Every structure is written in structure tokens, then in C-alpha cells.
Amino acid sequence: MTEAHYDTATNRWRLQLDDTGLAGLAHAVHLEALAGQVTARNRLHRACGLTHHPIPTTPAP
1 MTEAHYDTAT
11 NRWRLQLDDT
21 GLAGLAHAVH
31 LEALAGQVTA
41 RNRLHRACGL
51 THHPIPTTPA
61 P
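Okay, so the sequence shown: first residue is 1 according to our numbering, each after it adds one.
Do not rely on the hints blindly, as some may be mistaken.
[Said to hold, decoys possible] So the derived label-pair ranges between C-beta atoms look like this:
hint	residue 1	residue 2	range
1	T8	A35	28 to 34 Å
2	R46	Q16	15 to 21 Å
3	Q16	R43	15 to 21 Å
4	A4	T39	18 to 24 Å
5	L31	A9	29 to 35 Å
6	R14	N42	18 to 24 Å
These are calculated hints, taken from the structure and not from any lab test.
Given the structure is predicted, the values throughout are model-derived calculations rather than measurements.
Ideal placement from N, C-alpha and C gives every residue a C-beta, glycine not left out.
Could you build the full structure based on these sequences and the hints that come with them?
Here it is as C-alpha cells:
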């Protein structure tokens with residue numbers, strides 16, 4: 001289940017993600033990092049211990 005709730009006390013969004021949602025979030029953060037935005041990836045790794053390692057692909061001959 002994937003849900004998002006806004007916590008007014010902390011002024012933050014709280015996400016409840018299943019494994020698929022968590023993998024999607026990690027992938028999105030990874031794509032941002034490819035564009036040079038590593039702040040979100042570093043913060044996610046520190047807060048959740050989440051690291052995304054994409055599977056390397058080989059180019060077609």
C-alpha cells in the first residue's frame with residue numbers, strides 16, 4: 001500500500017510505501033542524481049538507509 005499524509009505538526013509529508021513504491025522512489029531519486037541532484041539521494045540514504053543500485057545494461061551490438 002502506498003499512502004501519503006501531511007503532518008502539520010512537523011510540516012512534512014509522511015509516506016507509507018510498499019516494496020514497489022519504495023523501489024520507485026529510489027529509482028526517481030537515482031534519476032535526479034544522474035542529472036546532478038544528489039542532495040535528495042544523500043538525504044534518503046541517511047534517513048532510511050535506502051540506496052538504489054541500477055542494474056547495468058549492455059548496449060546492443
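Going down the list of hints, with the structure as the test:
1. Under the hint 28 to 34 Å, the C-beta atoms of T8 and A35, about 32 Å apart, fit the expected range.
2. At roughly 20 Å, the beta carbons of R46 and Q16 sit within the given window of 15 to 21 Å.
3. For the hinted restraint 15 to 21 Å between Q16 and R43, the CB-CB distance of approximately 18 Å keeps it satisfied.
4. Take A4 and T39: their Cβ atoms lie about 20 Å apart, and the range 18 to 24 Å holds.
5. In this structure, L31 and A9 meet the distance hint of 29 to 35 Å, their C-beta atoms being roughly 31 Å apart.
6. Range check, R14 to N42: Cβ separation about 20 Å, and the 18 to 24 Å hint holds.
Violated hints are absent here; each numbered hint is respected by the structure.
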